Each structure stands twice: as structure tokens, then as C-alpha cells.
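Starting from the known structure of chain A, fit chains B, C and D onto it as the hints suggest.
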Amino acid sequence: MDKTLPDVARAVAGITDGMTVMIGGFGGAGSPIELIHALIDRYRATGHPTGLTVINNNAGNGHVGLAALIEAGMVAKLICSFPRSADPVVFTEMYLAGKIALELVPQGTLAERIRAGGAGIPAFYTPTSFGTDLAKGKPVEVFEGRSYVQERWLKADVALVKAELADPHGNLTYRAAARNFGPLMCMAAAETIVQARRIVPPGGIDPEHVITPGIFVQKVVEVPNPAQEEDLNLAKATYPLEV
Amino acid sequence: MDKTLPDVARAVAGITDGMTVMIGGFGGAGSPIELIHALIDRYRATGHPTGLTVINNNAGNGHVGLAALIEAGMVAKLICSFPRSADPVVFTEMYLAGKIALELVPQGTLAERIRAGGAGIPAFYTPTSFGTDLAKGKPVEVFEGRSYVQERWLKADVALVKAELADPHGNLTYRAAARNFGPLMCMAAAETIVQARRIVPPGGIDPEHVITPGIFVQKVVEVPNPAQEEDLNLAKATYPLEV
Amino acid sequence: MDKLTNNQIAWRAAQDIADGAYVNLGIGFPEKVAQFQPPGRQAIFHTENGILNFGESPAKGTEDWDVINAGKKAVTVKPGTSFFHHADSFAMVRGGHLDVAILGAYEVAENGDLANWSTGPKGVPAVGGAMDLVHGAKRVAVITDHVTKDGKPKLLQRCTLPLTGVGCVTRVYTSLAVIDIEDGRFVLREKLPSLSVEELQAVTGAELFIPGPVADLICPEV
Amino acid sequence: MDKLTNNQIAWRAAQDIADGAYVNLGIGFPEKVAQFQPPGRQAIFHTENGILNFGESPAKGTEDWDVINAGKKAVTVKPGTSFFHHADSFAMVRGGHLDVAILGAYEVAENGDLANWSTGPKGVPAVGGAMDLVHGAKRVAVITDHVTKDGKPKLLQRCTLPLTGVGCVTRVYTSLAVIDIEDGRFVLREKLPSLSVEELQAVTGAELFIPGPVADLICPEV
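Protein chains in written order, with my numbering: chain A, 1 to 243; chain B, 1 to 243; chain C, 1 to 222; chain D, 1 to 222.
Simulated from the structure, these hints should not be mistaken for laboratory data.
Check the hints yourself; a few may be wrong.
Stated by the list, open to error - Which residues of chain A face chain B? A partial, calculated answer using Cβ under 7 Å:
{"id": "1", "residue": "ALA72"}
{"id": "2", "residue": "ILE121"}
{"id": "3", "residue": "ALA123"}
Claimed, not checked - Cut-off 25 Å, straight-line C-alpha distance, at most; resulting in silico cross-link-like pairs (DSS-like, lysine-lysine):
{"id": "4", "chain 1": "D", "residue 1": "LYS78", "chain 2": "D", "residue 2": "LYS60"}
{"id": "5", "chain 1": "A", "residue 1": "LYS236", "chain 2": "C", "residue 2": "LYS73"}
{"id": "6", "chain 1": "D", "residue 1": "LYS72", "chain 2": "D", "residue 2": "LYS60"}
{"id": "7", "chain 1": "B", "residue 1": "LYS77", "chain 2": "D", "residue 2": "LYS72"}
Said to hold, decoys possible - These stretches of chain A come out as covered by chain C in the derived footprint (C-beta under 8 Å, 3 or more residues):
{"id": "8", "segment": "19-29"}
{"id": "9", "segment": "82-91"}
Quick caveat, the model's predicted, so the values are computed rather than measured.
Note that CB positions come from ideal geometry on N, CA and C, so glycine has one too.
This is chain A alone, in the form it adopts within the complex (with noise of 0.2 Å):
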């Protein structure tokens, strides 16, 4: 059982046109920046993959990880809760010009749909959004004497994830809040990348402090430091980055 791979190029590689993305993080926290860009260098090499749908609860910040993958041309439609950001020019730019697609989900209806992906419940309700616009059109039942919205479920081909820890079975750890949406898309996608900052061997993570149990993970990649979007993003970095 060894899940690992040698780069972050070989992870992403699989990853074809038209395919639904999630990719992990909260702002900068928990964003596989390695990840994100090893795929935008395959679409500057080949032109793939493009016609993306990502997940993500937000819409980037600044010109590096998803805003740049976003930038690129790479994605049409974004599912997430805040595309807002310190510096969101370049979804609002696209957005505004009709070039991508926006569904907007309220944040915990954003998790719950993704954990519900993950283990096998098609639908579920929720008081969130009733009697709002971002309800329209979904079901809604009374319970209790009280009304709910059914919410579907949201599975993807591929989830990204950036991970503190990693075995060669996919046990994985977070590190503090960067944990977020990671776990959750982990169950979610038929193929879960995860880079990690460090790859222990089997044993090298306590049973009981295991976050994500490796069947939900299918690569792994080590990425001993990470780059963090607001490092970045503070020294006005661009990706591809000047070097």
C-alpha cells in the first residue's frame, strides 16, 4: 500500500477537460498552491485541462493558486460561498464579462453538500436560505413545524488537498485552521490529491490523531514548504512567479 508519487506534476496528471475540481482551503489556509499550479503549468505546456468546474468556498486572492488557476482560462464554472477576497480582481473581472459561471452556496450548505458526497446521502435539509433567492426552485418541506430546504449532494472527479502530514496508506493530518474543507473532499472526489509537508511511514501518525483515514485518499505528494497565499499575495507575487 504506497500511495505516494514523486512530484506534484505527476499528481495532477490525470486530471482531463471538463472534469469538477474541488480544491481545499478557506482563503489562504489549507490551499494546495503546488497543486494548483502544477496544473496550470500542464495547461501552459498542453492546454489541458480547461472547462473546469472548481469547488471551493471562495474565488482566489490576488494572481497566484486559484485565482491564477481561474486567470488562466482554466476553470468556466465556480461553485463556492465567497468569492470575495483582498484583492478578487480576477474573478470579478471574468465574472462580470460572463466568462465564468458563478453557484452560490451558503457556506455550511457548501460543507454539508460536499460531506454528504462523500458518504452516500443524495439529499438532506437544511433551514439555511429558506424564504431566500439562493433557495429558488429547491424543495422545500416542513418539519416540526418548521420549513427546510433539500439540498443535493456534491461529489467531484478530483479533489486537491493540502495536507500537514501524510502516511503511504493516505492517513492524514491538518495543520490548525487549514484542516476546513480538506477532510470533507477528501470523501468526496473519485481521486484525492493531497500534498502533504511531510510523508511519515506507516505508523508515523497516532491512530488517534489520524484526521482524514487514507480511504479516502488516493495520491500523495510531498511538498516540504508550502507556499502560503498571503506570503504571496503580500509580495504582490503573480504565478507563473518571476524568478
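For chains B, C and D alone, kept in the frame of chain A given last:
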């Protein structure tokens, strides 16, 4: 913020007749024996609480813990997935004599209904039990060509849970597969009462290793050397324990 | 017209938070409430991106960008902090485990409706966790200027902007008053002493009911 | 009539488990399958009470009763083991993350229906995780004696006992044969060499189809 109490008697003092009580554990692993026995002590002293609805995966084993609670006549109804054990005589006799009601729920549905209760999800759809006797009377809906059964959330007035470490905020860890239903039941009860092997100061549990955040816990009591149901049964113990 | 500063509105809202309460503060202005916890009371703050019981902002230059709040600002870890994923975080929200959520508002209506996520079809819409919070927390309060920048009422009979939630707000802390929402009506509880009820009514878009005494809304300089 | 032992049936089922497969074994007889993993292949065993990648039974007297399988038997921890709660565990099951579930059966029908949890209204019913497993795992196989203790077929046109799941079983390993379920029919793949097709058909409650070659079912003494 100090949720600790000095002893198990005080911890269970607020449980009254007719309440719904979730009890953690899968067989003996995670069974909060001392909290259950404290409840039996109160019943023997005062005649209360009685007429309880208990939610547990099983129906007790031998004549200690949950089995002793049932044997004392305190439980009117049991909601569980598997009321069999090495020595299920207590439940079996009372059930066949019509002295206790049973709602049988598939194990994964039981877990998900409890999580739903804790997560504010009044209903969800699952493929589990479709076309079987356990789906009778439940709404069925087709999603993406497959049939699913609608299941409702489960909530409780009180949860009794066994943890490994706790801090005064109610942050918890568990021990191995004794975790099982504990984290879910903590979420789904109006009042969660925890017996922990050790209470540590705030900060004594690494924030990365907290399994149940304190927001889900109301009362914590230290039980330094908790009994294990299997050991009691190997010793053919009955409760009240001979001393 | 006298009015409270944003700090004073936040201070007033903080006075209603009980010791040991679990609290979520909306991003931006509501975050200020955390600074004004009364002495001897300790609220536990939740941020929907997966931290419970976080601490104050770190000194500039010492930020850990994996320890942030929902507004993506750096916060700190304290004894008793826990980390968790987004589904668990919104289980806390949706499951009714938070005692209070304090949010900003574009508009609040006398029926408790709140509009705080969209100013209409122009621009990029963004909702974040607001729609979850308004139907999740046991008590949903709003802090806001009493009127818009151009002087129009923000407290209305019905919201005109897209709703965040239906009938969810129970108390509004404004720059002029503290108003409860009960049975579909604005009930005046406190107002600036320098302000008459008539003056307050003139800048409020729905009728103010006064079933009991109206206390003076007096806040320290903070 | 020759027949395989339970160990041999378990051995045969184990041969179809790929290296790296995630596998759940039902309590009781199916647990034996774990003993017969072919050399060079390593399956990862899941137990629904919250352990992934558990190891063999510990020596008697060294049991840790917090490290048990779904049958409440003590197991062990290995490098790469993880613990998780029941909702996560059944997310693995229901979410289609298990490659194989191998279960026992009272009856299996040619339409893939399985009955393995209730022998009728008498006694105490118990279902456990079986109903989740049959609709969750990518492949659901059954291991069973070909006939009941009093010689009646367990493979039937339609189940007579309460169902565990509808149309869920795709392969049955019996004491006499290996039979796939395809398009609502029993398809014979392997049979004991000492047994004629007619003899096998005589103890099977529905028609056996033979669209291709039938291999000899030969198992070592295990």
C-alpha cells in the same frame, strides 16, 4: 468556564422520568458504566428516573451497565441496531414479555440520524433499508435513478458518554474504538454528561487532537479507573456489584 | 443628532453576552464585540472556518495564516482551543449549539427578516456563512448604524434587499437605540437620552412599540 | 456429496480480493476471509465500529476491549491503523469507499436480493450494519453453505425471509460453487469437479445459467 463535577451521582442528578437518553458505546467499548450505574443507584434510592427511552447501538450484555439499567425496569423503549450480545438474556426476556419496546435501526442510519440531530438536519436520504421491512412507512425518493429512504434526525434530552481525556471546557478525546457513537451523541443531546478517565487543565489537549469540541459538552466528571463491560462479564458480575 | 460610535455599539452588544456563552461574530464590524467583554465574563468565540475559543489578533509580523478567523484575519490559539473541519463547524451553527450570533445588516424588518448579503443584482454576490448563522444560533442579534450613509432608515417594515434569513433577528443594537423584535414588531428598549422617541421614530422605517419603560442607552467612551 | 469447509469457502473468496482493496467482512463466518489473503496482497480491513486497517486477534489474555471488531472480538492495531467515529465509518460504507463487503446469508435470490438479518417475526430482531453494507460497498459478495442445515436451497428465485437489501449481491461463494448474479440470473462460474451440473442444479432453488466455461472449484486444505 468549568464544566467539571465532583462525582457521577451529581452528574446524573438532572435526569428525569420519560427522558430520552443516548448512551455511548459499541458493546462494551465506550460504555459509560459508572454513569449508568449512578443512574441505577438513584433509581434504587428514589424510584426515578423511569420510563426512559434509551438510544444505544446494542441492548446490553450480562447484568451490568445498560443490561442492568434495563433489568432494573427503568427503560420503556430502546432504539438500537443490534440487541444481541454474548449474554442478551435481560433484554431478550423483557422484550419477549412485552415489557420493553424496540425500534430497530440499521447501524449506519442510527449513526447518521444522531449526527443529523446534532447538526440541525431534520431529515436525509439514504439507500440503506430501501425495499426492506425497516423502510416501511418511510418516504422514498429517487435521485439520479436510484431509490432512497428518507430518515429523520434523532435527538435526546441527555447523552451519557465515556471519554479518555477531558478539559474543563468539555474538550474530549476518546480511546481507540471506544470513540464509536460518543462524538455523535455529544452533538445530539440537550445535555451531554461525560465521564473521562482523566481531566486535564485547559490546554492539556492539543487543539489538533480534540475529537469533541467543548461546545457539545455540558458536564464532565472524572472516573479514573473505569470498568470495562467485558471484564465485568468475564467475572460474571451483576449490578449492584457484590463487594 | 448624537449617535454611538461603532465601538460603543459593539460595547453595548457585548454587555448582553453571558459568561460562558458560545458566540459567533460576523466578519467586519461585529468582530469588535469581542473587545468589550465585561470583566469577569468569558465568552467562547467560534469562527466558522474551524476554530473554537480563539484568542486576540497576534502582533503584526507574527501572524500564522493557518490560524485565521472567518474574515481571514489572523487570530491566536488559547488554552482550550480546538480545531475542526467545516462540516463539524456548521454542525455547531445549524445544530443550535451557539448561544449568540451577532451580525451586521443592510436592513432589518419588524418581522425579524434580515438582509445583509446582497445589495442587488449588480456586482459579485457573496454569502459566506451568514445564512447558516441566522437559522442556527439560539439568539441572532444585529449591530448597525441606525440609518444608511445617506440617512435612510435601515429598520423597516419589510426588507427591500435580498433576504439573508426570515424572521430570525430578535434584537438590534443601533447607533441610537436597542430594539427587540417581538411578535412582528419593533419594541423599543433603550434609546440615547438626548433623543426623543419622536426623533427616533422619524429615522425608523416602521412603528416603534413601547410596551414598557425605555432605558437610557449610555455607553462609555471606548 | 463433497463440499468445501467454511475455511475453504473463505479461502476462495479471499482469492478475489485485490491488493490494496478496502474490505469489510461481516461478523462470524465472513471474518475468516481475512486469514486467507494470497501472498503478496495486502487488503485493508474496515470494521464499522471505527477502525481501518486493523490486525489479527491478540493472544488470549492480552485483549484490549477498546480495540474490537464489529463482532465485539478483540483485534489489534497495525502501522497505518486509524480510529474514527460511527458517522465517519458509515460514510466510508454508504459513500461507496469500500471495494468489497463479504457477508453471510440466510437466502440469496437470483435478482441479487439478500436476506441475512431476520428469520421472521419470532425472537429478537437485530440488523447491525448489514443493510448499510449491502448498499454501500462497490462489490457485495456472499459466502454461505449451498444449502440449509436441513438440505434446502439457500439460493432461490426470490427470498422468502425479510430482505437485507434489494439487488445488491453480485457473487456468491458457496460450499459447492461460485455463482455470479447478472441481469437477474444465477450464472455458474465454478463448481466442485466431483459434482455434475445436474446435481448442483438439484440443490439450487433457481435456474443456473452457463453462458461460458465452468471452472473447477479447487481449494487447498486450509
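Against the structure, the hints come out as follows:
Taken as an interface hint, ALA72 of chain A does not check out: its beta carbon lies about 32 Å from the nearest beta carbon of chain B, beyond 7 Å. Taken as an interface hint, ILE121 of chain A checks out: its beta carbon lies about 5 Å from the nearest beta carbon of chain B, inside 7 Å. With its C-beta approaching chain B no nearer than about 5 Å, ALA123 of chain A sits inside the 7 Å limit, and its interface hint holds. For the proposed pair LYS78 of chain D and LYS60 of chain D, the alpha carbon gap of about 18 Å is at most 25 Å, so the pair holds.
With a C-alpha separation of about 18 Å, the suggested pairing of LYS236 of chain A with LYS73 of chain C holds against the 25 Å cut-off. A distance of roughly 14 Å separates the Cα atoms of LYS72 of chain D and LYS60 of chain D; the hinted pair therefore holds under the 25 Å criterion. For the hint pairing LYS77 of chain B with LYS72 of chain D, the CA-to-CA distance comes to about 24 Å; that is within 25 Å, so the pair holds. Given as covered by chain C, the segment 19-29 of chain A passes the check, having 4 residues with a CB less than 8 Å from a CB of that chain where 3 are the minimum.
Under a criterion of three residues with beta carbons nearer than 8 Å to beta carbons of chain C, the stated coverage of the segment 82-91 of chain A is upheld, 7 such residues being counted.
Violation of the numbered hints given earlier is confined to hint 1; every other hint is satisfied by the structure.
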